[in-house]
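Peer 1: Here is how the chains run, residue by residue.
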Amino acid sequence: MPGKLKVKIVAGRHLPVMDRASDLTDAFVEVKFGNTTFKTDVYLKSLNPQWNSEWFKFEVDDEDLQDEPLQITVLDHDTYSANDAIGKVYIDIDPLLYSEAATVISGWFPIYDTIHGIRGEINVVVKVDLFNDLNRFRQSSCGVKFFCTTSIPKCYRAVIIHGFVEELVVNEDPEYQWIDRIRTPRASNEARQRLISLMSGELQRKIGLKVLEMRGNAVVGYLQCFDLEGESGLVVRAIGTACTLDKLSSPAAFLPACNSPSKEMKESPLVHPPSHGCRSTHNSPIHTATGSRLTQNFSVSVPTLIYTGMGSGSAGKEGGPFKALLRQQTQSALEQREFPFFTLTAFPPGFLVHVGGVVSARSVKLLDRIHNPAFVGIMGNTRSYKLLDWNSFNSDEPETRDAWWAEIRQEIKSHAKALGCHAVVGYSESTSICEEVCILSASGTAAVLNPRFLQDGTVEGCLEQRLEENLPTRCGFCHIPYDELNMPFPAHLTYCYNCRKQKVPDVLFTTIDLPTDATVIGKGCLIQARLCRLKKKAQAEANATAISNLLPFMEYEVHTQLMNKLKLKGMNALFGLRIQITVGENMLMGLASATGVYLAALPTPGGIQIAGKTPNDGSYEQHISHMQKKINDTIAKNKELYEINPPEISEEIIGSPIPEPRQRSRLLRSQSESSDEVTELDLSHGKKDAFVLEIDDTDAMEDVHSLLTDVPPPSGFYSCNTEIMPGINNWTSEIQMFTSVRVIRLSSLNLTNQALNKNFNDLCENLLKSLYFKLRSMIPCCLCHVNFTVSLPEDELIQVTVTAVAITFDKNQALQTTKTHVEKSLQRASTDNEELLQFPLELCSDSLPSHPLPPAKEHLESASSNSGIPAAQRDRCSSWIELIKLKAQTIRRGSIKTTVTVEKASPVGDGNFRNRPAPPCANSTVGVVKMTPLSFIPGAKITKYLGIINMFFIRETTSLREEGGVSGFLHAFIAEVFAMVRAHVAALGGNAVVSYIMKQCVFMENPNKNQAQCLINVSGDAVVFVRESDLEVVSTQQPTANCQSSGTEGEVTT
Amino acid sequence: MTSELDIFVGNTTLIDEDVYRLWLDGYSVTDAVALRVRSGILEQTGATAAVLQSDTMDHYRTFHMLERLLHAPPKLLHQLIFQIPPSRQALLIERYYAFDEAFVREVLGKKLSKGTKKDLDDISTKTGITLKSCRRQFDNFKRVFKVVEEMRGSLVDNIQQHFLLSDRLARDYAAIVFFANNRFETGKKKLQYLSFGDFAFCAELMIQNWTLGAVDSQMDDMDMDLDKEFLQDLKELKVLVADKDLLDLHKSLVCTALRGKLGVFSEMEANFKNLSRGLVNVAAKLTHNKDVRDLFVDLVEKFVEPCRSDHWPLSDVRFFLSQYAASVHSLDGFRHQTLWDRYMGTLRGCLLRLYHD
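Which chain is which? The protein sequence lines are F and X, in order. Just so we're aligned: 308 in our numbering is position 308 of the first sequence, and the numbers increase by one with no gaps anywhere. Just so we're aligned: 10073 in our numbering is position 73 of the second sequence, and the numbers increase by one with no gaps anywhere.
For the record, the hints were derived by calculation from the structure and aren't laboratory data. Fair warning: there could be bad hints in the mix.
Stated by the list, open to error - Stretches of chain F that chain X covers, calculated by requiring three or more beta carbons in the stretch to come under 8 Å of a beta carbon on chain X: (1) 105-118; (2) 739-746; (3) 761-771; (4) 926-935; (5) 972-979.
To be verified - One-sided excerpt, in silico: chain X residues whose CB lies under 10 Å from chain F: (6) F10008; (7) T10012; (8) T10013; (9) E10043; (10) T10045; (11) A10050; (12) L10052; (13) S10054; (14) R10061; (15) H10064; (16) M10065; (17) L10077; (18) F10082; (19) Q10083; (20) Q10323; (21) S10327.
Each residue gets a CB set at the ideal place from its N, CA and C atoms; glycine is no exception.
So here's chain F without its partners, still in its complex pose:
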């Protein structure tokens, strides 16, 4: 199915001076796609050439359109010698291939050179004509939409969530080819950039095909990574969640998908990835593969920990019959799938039923060299001819890598099973490579899902019923999915503090975002566990064995540290947990980040008890008690800081089934625990549920000390690594995304573990302190989605890269909302049953296909804006809205009718919004493009997704000192990467990038040679957003029209 790609080169500006004699440049442009090249005329003697070329037309098939980037090269014409390249622009034309995304790419692109950086800009217009009917998406992978966002994108509705898709492609790294010895660094870098661009295109197309086979139309939570394996090659791999998405016809509607049952649900055919040879899983304990495989494919699987609560055991009662039923059903939906994994971290309401805990698996592999470089393989039905340029790749390599990952995924799946779960959500994969050793890691959250999103809608009727039974319990996801009598690990269970009906663990660890309907007390905070372990330098197998021997200890210690820090904060659950293990020549680093919260449904955490091994020594005793006091003080202080004051719930209100005596006493005790007095807290630490830290040697002492050295952020600052900060929901519109990189050189080689730990800890803490200082003008603000990456580029170097976004919020309102939260939870505890009955019934009679709360809020917003209250004030009212929205149903129903009619009277089309994104700063010629790692933009509505941004850049210098040293070099490069991302988004007609992530930042330096090189890979979703305040300006008379779910659904209501 061919298409026509049309490119027009308009003009250039700020070009560098290429001719020293005239101080000018004779520039022309080469436009290349596939094997076709066009040239513009030479525009003589100008730094701002106006080419205004004709339309260059490329007739290509759509596979090429998907795989190949458009390559634009700006050159300086030289009559006597070879033309000098000024720089290049690679344009991914994928966004032009979806029907709803961008229709034209037009704008100023920075001209980039891998040696000189950005050298001027070029104005380009790109269009694609596809020669086929509208239905083409059924046959081609062209129409599959990709989203980096790990939740259902804002202006879409999930019809079916099909499940896991994965793919990887392997090639030889041009940097390691023999030819690299004779070509220039520039040629080598460009070869690499181009190859990776090709490979990502191919990968995306292959994933697209899998999605189409599953009858999906989109990939959500798409994560693509590169493994630079050095001599053994280059792996590009991607995972994602296949979905069938429906575009909501009105922009920015956020109707929860669960409430509009899809009519077109089909049995989703399941796609099994191509089968691979060996797929043995090595579960615990340490298993070292031996025998002939060792030489080629060394593999060590590491026993993995299942992160859930870890208390002293106490068995409870049986799970409800409902649980069993639901499980059965989900099972049937998921069992057919090879990997019931979901890369999503946030879900439509009702999707997530129970959460079991974090499951993770790691395995250590030896990268094998390519033995027969002359071999040219044809990779199945793929278009490998393109890769023949690089030929000499090992034909069975993709299979090997596939098998490795399959092995790990199997392990994850079995861990999830052990937790009584059939699915894994918030799933991610990563690698760490050092020389020839590679650690593969996968982690996710074991969960029980609601089957209705996953399969056929035949059982809808009875499901609906059960949903009502289940949905409204906001604590549902905390309830244990596993069988209490047959628990996979010792856990401390109690009755849920919210519903008092089901069992919950004492601590919950997850890799997902906090569900929106979860009841949280107080605010959350970023919790990090940091750990270093020295290891001997070794080769090959010995090295891999050493690493795999260390891993379990690291996992254990990271877990202990997390648990201690969580208790120290007085919290009981971790969300967004991400554990990164990095391997270096002579050490291993572990960094775990998560957001701690206090879930109202879970019991109050016990304190931390310190116990000494030698109780005879008096001064030692004293020291211990001193430490204990310090710890208790810290806990009390943290509770105050994060506003954790759980309501006291009296038994009468709850009316829970009378617990057995043992349970009862526990409940009573926890009551006293939750009281505010510090002294009482101290006493209530019964030996059983308090976390006991034994101090038997200096190591442990260090640990306790390090616990206490974590400094809380300065007042006015909060931080978390999830999408949103639990307990804050009144964001104002100012956002600042940033990347910060630090590299430290360790002072000496004979370091101890303690010294190393301290160095690493200081590095992270200082980095955070610097961030707080730099962003102090934004106070009160919150650092969201704080993402730390550790790498060990050389023996004594530690590199930490942080990307996050600072968002301001309204402090006054924050206080109110917290109060409301507490009130609400109280209210909920008492009137839960009533509510549960009321809402679904009313919804049914209304046939209002909507979740009860959002429309209520919207109406009130509309009401207040109608009455002329400015937006800012309206925001402030929202806590008040929270309070009364529960009672506003009658008014609401009326208001929806009116809004619908208004909407009909003057529909606000999509087009209107496309013209609006112009930023308020009118006198600037460069439009502002926001970037954020979050999936949303505070105070704004995303009206359109324009396509995925996935860019890979290499920058190299041979004049490091002249460019301001390593800091100057990297600073400039990162600024340039941001600029190129922004330029591409702007050219697509967008004004923001959401779910932005810097997936890789590999930095290498050689100061002696005055050289440095850096590779950066970033991705995100280009979007168009409209400020909520602008929306009201545009359509004063129908402020809710845009927020209203969708025209059709609105009409159903009337």
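Starting from the structure of chain F, add chain X where the hints point.
Peer 2: Coordinates of chain X only, in the frame set by chain F:
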């Protein structure tokens, strides 16, 4: 443990105004950190010196990268590398092109050449402004001069268009460029009491009235150069003092008009011929470049100083100059009324501005 690399890059470029000022003032990172510590920022924010050091380094690096763009401000607006809100862009430009009064007084009217640049060391020592800052200011003057030197049209407009400065700052630069082009002497000891503002005021008047652009702005004129024809013509004014009758008549007209109205009437009467000779001779001498350069020295010597030694109040000077200029219209034998007005109108404004302690 040493920090090898330490950077922070925001999607919106962070600009710290205080650090920008320190950078513009030419302080090294170490000095800037010390100054920031002294400002009490550590106590306010609870940060450590290391944090401050890292922050300062970061800002300095950013400013260093921005400096190239600041040399051609329109580039700053169109570039894509740094996302900076327009208000911040304006601030960056305005502050970068701002200059110190002490510095500008040292170089005002000097040739903006390498030679002068070599003297910056001495200026730095004399004024206490860091050499770095002196260099920036000097280079700014030179850059603006080079760009607008050959341009037609209004000097202020040209500067504003190419450097995106505020109206006030663009006017100041116009004065600096005008002075540099005509090489007016401003450094003499006699002139030390005058501020840059005084000179800028005079420059503006002169640009408005004495340059080619003043006659016809449509012509391919330039605001930078004085109208040579006009300067030639000024010789004709000599008759006012050379012709004894005319001088006496002029004196009697002025005296009649001012009698009783001037506190220093007797001093004026005694000095009239000297003053008038002074003012007219200044005009007549302007054909020579050398004398053009000494214009301000002459004005101060020939008019400001004599009046000041007789303690003329400013109001009397104003009365006198108005009458002195107006009375010429009643001199029947004098034919160069327009010329006189063009000369005296500007001179009167300048003298009134220059007349202070």
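Peer 1: Now tell me if each hint is right for this structure.
Peer 2: Taking the hints in turn, this is what the structure says about them:
Under a criterion of three residues with beta carbons nearer than 8 Å to beta carbons of chain X, the stated coverage of the segment 105-118 of chain F is upheld, 3 such residues being counted. As drawn, the segment 739-746 of chain F meets chain X at 8 residues by the rule of a beta-carbon pair under 8 Å; at three or more, the given contact holds. Counting residues of the segment 761-771 of chain F whose beta-carbon sits less than 8 Å from any beta-carbon of chain X gives 6, enough to reach three: the coverage restraint holds. With 5 residues carrying a beta carbon less than 8 Å from a beta carbon of chain X, the segment 926-935 of chain F meets the three-residue requirement, and the given coverage holds.
Chain X is given as covering the segment 972-979 of chain F, and this holds because 6 residues of the stretch bring a CB closer than 8 Å to a CB of that chain, at least three being needed. Checking F10008 of chain X against chain F by beta carbon gives a least distance of about 4 Å; that is within 10 Å, so the hint holds. For T10012 of chain X, the suggested interface contact is upheld, since its CB lies about 6 Å from the closest CB of chain F, less than 10 Å. For T10013 of chain X, the shortest C-beta to C-beta distance to chain F is roughly 8 Å, which falls under 10 Å, so the interface hint holds.
For E10043 of chain X, the interface hint is violated, since its Cβ never comes within 10 Å of a Cβ in chain F; the closest pair sits about 12 Å apart. Annotation: T10045 of chain X was flagged as interfacial toward chain F, and the flag holds, the nearest CB pair being 6 Å apart, inside 10 Å. This hint holds: A10050 of chain X has a C-beta 7 Å from the nearest C-beta of chain F, less than the 10 Å allowed. Because the closest C-beta pair between L10052 of chain X and chain F is about 8 Å apart, less than 10 Å, the hint holds.
Because the smallest distance between the Cβ of S10054 of chain X and any Cβ of chain F comes to about 5 Å, under 10 Å, the interface hint for this residue holds. Because the closest C-beta pair between R10061 of chain X and chain F is about 5 Å apart, less than 10 Å, the hint holds. Nearest Cβ of chain F to the Cβ of H10064 of chain X: about 7 Å, under the 10 Å cut. The hint holds. The closest approach between the C-beta of M10065 of chain X and any C-beta of chain F is roughly 6 Å, which is under the 10 Å cut-off, so the hint is satisfied.
A cut of 10 Å between beta carbons decides the hint on L10077 of chain X: the least distance to chain F is about 6 Å, and the hint holds. The interface hint given for F10082 of chain X holds, since its Cβ lies 7 Å from the closest Cβ of chain F, which is under the 10 Å cut-off. Here the hint on Q10083 of chain X is kept, as its CB sits about 6 Å from the closest CB of chain F, short of 10 Å. Violation of the interface hint for Q10323 of chain X is found here, the shortest Cβ-Cβ separation to chain F being roughly 49 Å, above the 10 Å cut-off.
Annotation: S10327 of chain X was flagged as interfacial toward chain F, and the flag is violated, the nearest CB pair being 52 Å apart, outside 10 Å.
Hints 9, 20, 21 from the earlier list are contradicted by this structure; the remaining hints agree with it.
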